[in-house]
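Protein chains: 2
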Amino acid sequence: MTYLPRFSLSYLVALAAVFAAVLPVRAAEPAPAQVEQWGTFELALTGPTDGNPFLDVTLSADFSNGQKTVTVDGFYDGGGVYRVRFMPDATGTWTYFTHSNRWPLTQKRGVFTVTAPSKDNHGPVRVANTYHFAYADGTPFKQIGTTCYTWTHRPAEVEEQTLRTLAASPFNKLRMCVFPQTHGTSTMPPTRFPFAGEGTKPDYARFNPEFFQHLDRRVGQLRDLGVECDLILFHPYDDEHIWGLDTMPPEVEDRYLRYIVARLGAYRNIWWSMANEYDFVRTKTEADWDRYFQVVMAADPYDHLRSIHNGKVIYNHNQPWVTHVSLQNGLAVTEPGKAQIYRDVYRRPIVYDEVEYEGNHVYRWAQLTSREMVHRFWAGTVAGTYVGHSEYWVQPGDTSEFVWLGQGGVLRGESAPRLAFLRKVMEDGPAGGIDPIDKWWEPRVGGKPGEYYLWYFGHEKPTSWPFQLYRDGIAEGTIFSAEIIDTWEMTITPVPGEFVAKKKDRYSFVDAAGRSIALPGKDGIALRIRRTGGTQGEISDKPPGY
Amino acid sequence: MTYLPRFSLSYLVALAAVFAAVLPVRAAEPAPAQVEQWGTFELALTGPTDGNPFLDVTLSADFSNGQKTVTVDGFYDGGGVYRVRFMPDATGTWTYFTHSNRWPLTQKRGVFTVTAPSKDNHGPVRVANTYHFAYADGTPFKQIGTTCYTWTHRPAEVEEQTLRTLAASPFNKLRMCVFPQTHGTSTMPPTRFPFAGEGTKPDYARFNPEFFQHLDRRVGQLRDLGVECDLILFHPYDDEHIWGLDTMPPEVEDRYLRYIVARLGAYRNIWWSMANEYDFVRTKTEADWDRYFQVVMAADPYDHLRSIHNGKVIYNHNQPWVTHVSLQNGLAVTEPGKAQIYRDVYRRPIVYDEVEYEGNHVYRWAQLTSREMVHRFWAGTVAGTYVGHSEYWVQPGDTSEFVWLGQGGVLRGESAPRLAFLRKVMEDGPAGGIDPIDKWWEPRVGGKPGEYYLWYFGHEKPTSWPFQLYRDGIAEGTIFSAEIIDTWEMTITPVPGEFVAKKKDRYSFVDAAGRSIALPGKDGIALRIRRTGGTQGEISDKPPGY
Chain A
1 MTYLPRFSLS
11 YLVALAAVFA
21 AVLPVRAAEP
31 APAQVEQWGT
41 FELALTGPTD
51 GNPFLDVTLS
61 ADFSNGQKTV
71 TVDGFYDGGG
81 VYRVRFMPDA
91 TGTWTYFTHS
101 NRWPLTQKRG
111 VFTVTAPSKD
121 NHGPVRVANT
131 YHFAYADGTP
141 FKQIGTTCYT
151 WTHRPAEVEE
161 QTLRTLAASP
171 FNKLRMCVFP
181 QTHGTSTMPP
191 TRFPFAGEGT
201 KPDYARFNPE
211 FFQHLDRRVG
221 QLRDLGVECD
231 LILFHPYDDE
241 HIWGLDTMPP
251 EVEDRYLRYI
261 VARLGAYRNI
271 WWSMANEYDF
281 VRTKTEADWD
291 RYFQVVMAAD
301 PYDHLRSIHN
311 GKVIYNHNQP
321 WVTHVSLQNG
331 LAVTEPGKAQ
341 IYRDVYRRPI
351 VYDEVEYEGN
361 HVYRWAQLTS
371 REMVHRFWAG
381 TVAGTYVGHS
391 EYWVQPGDTS
401 EFVWLGQGGV
411 LRGESAPRLA
421 FLRKVMEDGP
431 AGGIDPIDKW
441 WEPRVGGKPG
451 EYYLWYFGHE
461 KPTSWPFQLY
471 RDGIAEGTIF
481 SAEIIDTWEM
491 TITPVPGEFV
501 AKKKDRYSFV
511 DAAGRSIALP
521 GKDGIALRIR
531 RTGGTQGEIS
541 DKPPGY
Chain B
1 MTYLPRFSLS
11 YLVALAAVFA
21 AVLPVRAAEP
31 APAQVEQWGT
41 FELALTGPTD
51 GNPFLDVTLS
61 ADFSNGQKTV
71 TVDGFYDGGG
81 VYRVRFMPDA
91 TGTWTYFTHS
101 NRWPLTQKRG
111 VFTVTAPSKD
121 NHGPVRVANT
131 YHFAYADGTP
141 FKQIGTTCYT
151 WTHRPAEVEE
161 QTLRTLAASP
171 FNKLRMCVFP
181 QTHGTSTMPP
191 TRFPFAGEGT
201 KPDYARFNPE
211 FFQHLDRRVG
221 QLRDLGVECD
231 LILFHPYDDE
241 HIWGLDTMPP
251 EVEDRYLRYI
261 VARLGAYRNI
271 WWSMANEYDF
281 VRTKTEADWD
291 RYFQVVMAAD
301 PYDHLRSIHN
311 GKVIYNHNQP
321 WVTHVSLQNG
331 LAVTEPGKAQ
341 IYRDVYRRPI
351 VYDEVEYEGN
361 HVYRWAQLTS
371 REMVHRFWAG
381 TVAGTYVGHS
391 EYWVQPGDTS
401 EFVWLGQGGV
411 LRGESAPRLA
421 FLRKVMEDGP
431 AGGIDPIDKW
441 WEPRVGGKPG
451 EYYLWYFGHE
461 KPTSWPFQLY
471 RDGIAEGTIF
481 SAEIIDTWEM
491 TITPVPGEFV
501 AKKKDRYSFV
511 DAAGRSIALP
521 GKDGIALRIR
531 RTGGTQGEIS
541 DKPPGY
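Just so you know, the protein sequences line up as chains A and B, in that order. By this note's numbering, the letter at position 417 of the first sequence is numbered 417, and the numbering carries on one by one without gaps. By this note's numbering, the letter at position 458 of the second sequence is numbered 458, and the numbering carries on one by one without gaps.
It is possible that some hints are incorrect.
Identical copies carry no separate label here, and so any pair may be met within one copy or between two of them.
[To be verified] In silico DSS-like pairs for lysine-lysine, Cα to Cα no more than 27 Å straight-line:
{"id": "1", "residue 1": "K424", "residue 2": "K201"}
{"id": "2", "residue 1": "K448", "residue 2": "K502"}
{"id": "3", "residue 1": "K461", "residue 2": "K522"}
{"id": "4", "residue 1": "K448", "residue 2": "K461"}
{"id": "5", "residue 1": "K284", "residue 2": "K312"}
{"id": "6", "residue 1": "K503", "residue 2": "K312"}
{"id": "7", "residue 1": "K504", "residue 2": "K312"}
{"id": "8", "residue 1": "K448", "residue 2": "K312"}
{"id": "9", "residue 1": "K312", "residue 2": "K424"}
Since the hints were made in silico from the structure, they are not lab data.
Using the sequences and the hints given, assemble the complete structure.
If you want it as structure tokens, here you go:
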């Protein structure tokens, strides 16, 4: 089950960018004269080292382009260096002006130019069209996620291997933890901790800048690979509470949140995930989670995406601070009819960030075949939702616990190329996203009424499909083409001829010539149907079923 | 498809009670000296008739038993009669004291005795055990609902026929509208309207007491039959807005809500449903629906159950004023794996009040077979949720639109006896309700871990089931009995012998002798498995799958 990465030109270019970004720790340096839109402008200042700069020194800066002013917090980066980072969202001339309770840091001012974004920079990802995502420049973001919880806590060569794997993968979003986890520490123990002091005896009053500098760098490398970083701020995977990162006092938690937002908020690829399996963090209450959201929201001037991921107990994602829904529920994506349910409930994008994992683990949550993983992506996709991948493949005799889910490295499953294929199908689909067409009556089909239909048969194995579509958006004579998609073999086979819509009954249209489409009678077959001519019909505002 | 009501002794007794309750409109009369707990104490007072008593006169009363005081609003009932109704929740001596802005109604005081509730009076239904219901005295309430939207707007003989049908039915909850609906008016037009003036030209400043007296009486008759009244306060079924009941000014809406709560809040069988298909009421916004909940909650000292029912758009049932979730989504109860999803999301009882209807309607929302209706009840039940019935069977050649859903009368479908059978199974089940056992891994089984399992195979037709249960609550040697339930034929067949639990793997126990259960290979088969001996095992607090 070895996955062979395919090396492409774009991969090699991206990889070069990754290594170009590996820089030594910097001291205070002159502010840049220009930065691209949605890039990170960084102001580095030399300031006091006496006392405890993390607690004693306040620093912020106002950034203005004459039309609006954005105030952002700075942070102490160790060694007498203070930084303020800013992500401008418009081109032109911007100025800054600092505020501090210490003289050397206050009333610093300057001017810089924001240039147009470079080719692969589309800005931060936002919610679009209620259930979907788009970059700030309007480019649709079709999420194909994966999870590597603690890849940034591994030896440098492993971390670089993970980046190479990602560069060759279809994944455009990665879930990862700030804090280390117990799993996998026997062979690759963490060497950096977020606080000063020993890893097991943290000094909560002082951050460890080196820890965060490393994290910044890795997040920046993901950005340069075009990978969104869904950063998990808390998690329950410190099994014996040895590091004390799930038992911090509330004021330390809030300081940590503000510190990481000050450091990473200016990275356009950041998403904030309050937790993984929040309800398994037994030391916190639901009110704590509400508070974390509010602290992050107040600190982040860019309004990056915010979510929280569940274990057994689902958070109230109807809370106003939740931008999209990050769910664990593998059963929900076994078919589109289940997957769609959360959409209506939350009226936000639904991301199934954990649907069980591919693998051969002794635990049942990581025993999916690669085929089933691909199936779950397709089931979620036609339901108008998004799905996340990870894997836990253990090599025979390997006791190192070195698996993609926890540590990164290489992919061993067979789903990744199929997910690349799916991503291409999604990117060729409606810009506004795929939505259910007739949600409580025919969940197997999603798309855009009258324009585009993606019909997924899942584990059914039909040998024929009588051409029939729900009435919305279709008129007599609307013309469609059809293609048969084999989701595993990654083939798209056009069906000869065209289909001309003819009203069948109150609800549906069929082909005027009464044609059916012959199907291969196997698992994982989809149909793609697109309008190629004729006029569109109206989309009814009537109650369902009338 | 004619349903034949079965006449039983209890039915005849109940029916006698119904007709005993048909009393002429009363003038002010002496307050009763005693009333049973959760009965309705009614104080009738003679007061002013000048001006507009609905707007000009305020009336309330404090009821106290020395330990607590409950303040309830009175209402004008026409003809110079003002009433204050009160539902005491404790036995003993209670006093009342009135307040009014008019002299004849104020400072009235009195004493009465509250006796123990009579045999079939268990008090109002409340949420119990998060996902379930119980009467105030602790008796579990196992909901088997039906819907007759506007049965109280029909000729007296039809309304009485509806009551006889209910008396012989399994239904212990009825959804019904306050307002008339357009459907079915051609043959049975409404003759009473809630406001003075013509039906199509309401005088919003004056209620029509006769309308509400009729409604009170019918709700009381349901109470006497043991049927909870899920009273729908607004609906979209005034197709041309001819009655103006969906276009009232906000202050009239609020006054209407307070008036109906003052009249009916003291009926123990009342549930408040803000709407049917709320989102199809195009004249209102979501903020209006939030407000209605808040008005009702503020007016109702008894905290009766509150819900709202959707068309296409699901309300935010996570709002704190929603006591349980009233859903339309037929697809969700086609299998337990879908049905359970809303439980986690809302952490409240889930009632699928509309799952499509039995019938032969031209519209697809009323084309279920009786078998499919029974199936949906079972699918919802093992998922730990509750389901509602209604039917729309049109007789050949009948153009009267006289169907149970809208008008009441008789049941023509075949599901009712099967739902009576299911209700008996539910009542014989765990008092605290049926919950999923292993929710995201085996949704076909619900019950109580280690004690009781109801496994429903739905449209599968297995011929054998290898005895295997999830680990929670089971230990080595726990002994179980099993029965095969045919949900359509209404038979319960014991499986000979017993099953002795033996650990199979990390997750499950099987029978020590390796036994399977032979099944009849047909649709709609369930298994009931109950612990008969041995010790129970622990219920794990571990994350799922560990």
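Cross-check of the supplied hints:
1. K424 / K201: neither (48 Å within a copy, 60 Å between copies)
2. K448 / K502: within (19 Å within a copy, 52 Å between copies)
3. K461 / K522: Answer is both: 5 Å inside a copy and 23 Å across each meet the 27 Å cutoff.
4. K448 / K461: within (25 Å within a copy, 37 Å between copies)
5. K284 / K312: For K284 and K312, only the intra-copy Cα distance (15 Å) is at most 27 Å; the inter-copy one is 36 Å.
6. K503 / K312: So K503 and K312 pass the 27 Å test across copies only (24 Å; inside, 46 Å).
7. K504 / K312: Classified as between: cross-chain Cα gap 24 Å, same-chain 45 Å, threshold 27 Å.
8. K448 / K312: between (33 Å within a copy, 17 Å between copies)
9. K312 / K424: Result: close neither inside a copy nor across copies, 33 Å intra and 31 Å inter.
The structure fails to meet hints 1, 9 from the earlier list, while all remaining hints are met.
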